[in-house]
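There are 2 protein chains.
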Amino acid sequence: LGPCRLLTKEIFRTNLLESLSYVLTDCDGVLWADNAAIPGSPEALAGFRKLGKKVMYVTNNSTKSRIEYMEKCKKLHFQADMDEFFSTSYCTALYLKKLNFEGNIYLVGSHGLRQELTDAGFNCSPIGPDPVPDDWMNWAVNTMKLDPQVKAVVVGFDAHFNLTKMLRAASYLANKDCLFVGTNTDEQFPCGNKSIIIPGTGCIVQAVATAASRKPIIVGKPEPFMPDCIKYRWPDLDPAKTIMIGDRSNTDILMGKRAGMKTLLVGSGCDSLDAVRRNVAENRLDMVPDFFVPKLGDVVEMMPFT
Amino acid sequence: LGPCRLLTKEIFRTNLLESLSYVLTDCDGVLWADNAAIPGSPEALAGFRKLGKKVMYVTNNSTKSRIEYMEKCKKLHFQADMDEFFSTSYCTALYLKKLNFEGNIYLVGSHGLRQELTDAGFNCSPIGPDPVPDDWMNWAVNTMKLDPQVKAVVVGFDAHFNLTKMLRAASYLANKDCLFVGTNTDEQFPCGNKSIIIPGTGCIVQAVATAASRKPIIVGKPEPFMPDCIKYRWPDLDPAKTIMIGDRSNTDILMGKRAGMKTLLVGSGCDSLDAVRRNVAENRLDMVPDFFVPKLGDVVEMMPFT
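Chains as they are written, first to last, in this note's numbering: chain L, 21 to 326; chain G, 21 to 326.
Derived from the structure by calculation, the hints contain no laboratory data. Some hints here could point you the wrong way.
Copies of the same chain look alike in the list, so a pair counts if it works inside one copy or between any two.
Here are the simulated lysine-lysine pairs, DSSO-like style, with alpha carbons at most 30 Å apart [what the hints assert, rightly or not]: (1) K29 <-> K117; (2) K277 <-> K73; (3) K214 <-> K165; (4) K165 <-> K315.
Use the sequences and the hints to build the structure in full.
Put into structure tokens, the structure is as follows:
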């Protein structure tokens, strides 16, 4: 396991807990799978709070707005305040604001992303189905209407992603001045069933990037923009006193390591100990977590008050 | 332009024509754009035939069967015989036969590819729309039916590509023994309008590969399987006496160069002289054609009998 240690009660109490002020946690695969809480995760976060740690949610999932995340948290028994949420839906809006972006947005995405973008004052194309016409190539060349005011293509997760959306996105991106933003590159969503693979936003971003022959700017983990947002909102955050918890080596752990945080990989989502071993073997040490635990709930019984 | 020369009547007659026995030509962007012949291309191929050259069609487009290609050729006034067609639809069937593949195929593709696969005796999933259920993640985990006999996922161009198809393909590919074949990786289809980008099969293959975290075997250009098929059918073909004509540097020209053929890039499709200059500047000489001509029809007036 190289520099990664299996988290035990002793390690947790002697090497970790005391030094922590901030607990940043990924959501899908750590706190929940689809619409069900992963057993023990609500109690684990409640425990950290009881021990005086500041908890924050850091998710690459762009499908929900912060308000929708708060509703989901409450339903699944996680405490949640608005300023604890750093999702790619929200951070994409912050990114465009930071650029002083002007112009319309062609959006490949879901309701929550559109909500955050419009709440921030941006004009966005509608979401939802955009059917493929029968004689689609002829339609594309001769009939398709493109909005000349579109100056950015934003790509997040979109359950209605199809050829028509690829066509529109790539055609906007043929203009090299059109900004190309992807919320994140996660290849899969964790779903709690290893024989079913749920394609993630990365598949959609890759498809559009291939069509456009361009590389997008990525807002989400492991890129630095999300930790920058957190530090901007919480200037007291000291990376040395912060742990990043996640289920993916190439997003959660890599972001945490790059930001100088401690890192904890949980086995309840995408990556297992096999991924740790593979990254150790291939010397990708920036993706090897400091600690591993099968699931976040396992820390509950390590906590001093239990 | 580095080692690439603009084709002139003098070069055509003194350096090229005499040495040729075989003329291999790409289709989309060279012979036609969507359903219209590119002006002069029918006359150019007819001219090569009149000069005693053997003409063959070598296309990465997997949407049509050889029979459908013959119909299209006849409609657009290109002469065509069945054994002159090497499409990825046909060659994918040949590839699976060469492997003595047994098992069912999950197909992301179009009618022509399915036709060639079933004509070769393979069991294929149906093509066409496969709608995304409302509660799709729950459906995927709890309701989606996967065929346990599927031992290969074949991905070609599919106008109905969507999340459901990605889900099924990636879930089959979670089994490492399941074969993963992509017809080709072309990023775009040429459509004769530089401000409209038509996504190619490469976008679909990339999306599935990302979801599955696997690399496919690619049947089409620039990989060696298609020239191998041609040599198998036409053992007399001598690469030194063959020219490969195409509109893409990273498929047509690269395949021709790797196979030791002469190469001609035409500017009527995806790549222009800019692409040649870029490849020269970046020292990718295996993508730099021997000759360039704005469109294939321009060779007609270079031919000795005109």
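Against the structure, the hints come out as follows:
| no. | hint | result |
| --- | --- | --- |
| 1 | K29 <-> K117 | neither (44 Å within a copy, 57 Å between copies) |
| 2 | K277 <-> K73 | within (20 Å within a copy, 62 Å between copies) |
| 3 | K214 <-> K165 | between (42 Å within a copy, 15 Å between copies) |
| 4 | K165 <-> K315 | between (49 Å within a copy, 29 Å between copies) |
Consistency note: the structure conflicts with earlier hint 1 alone.
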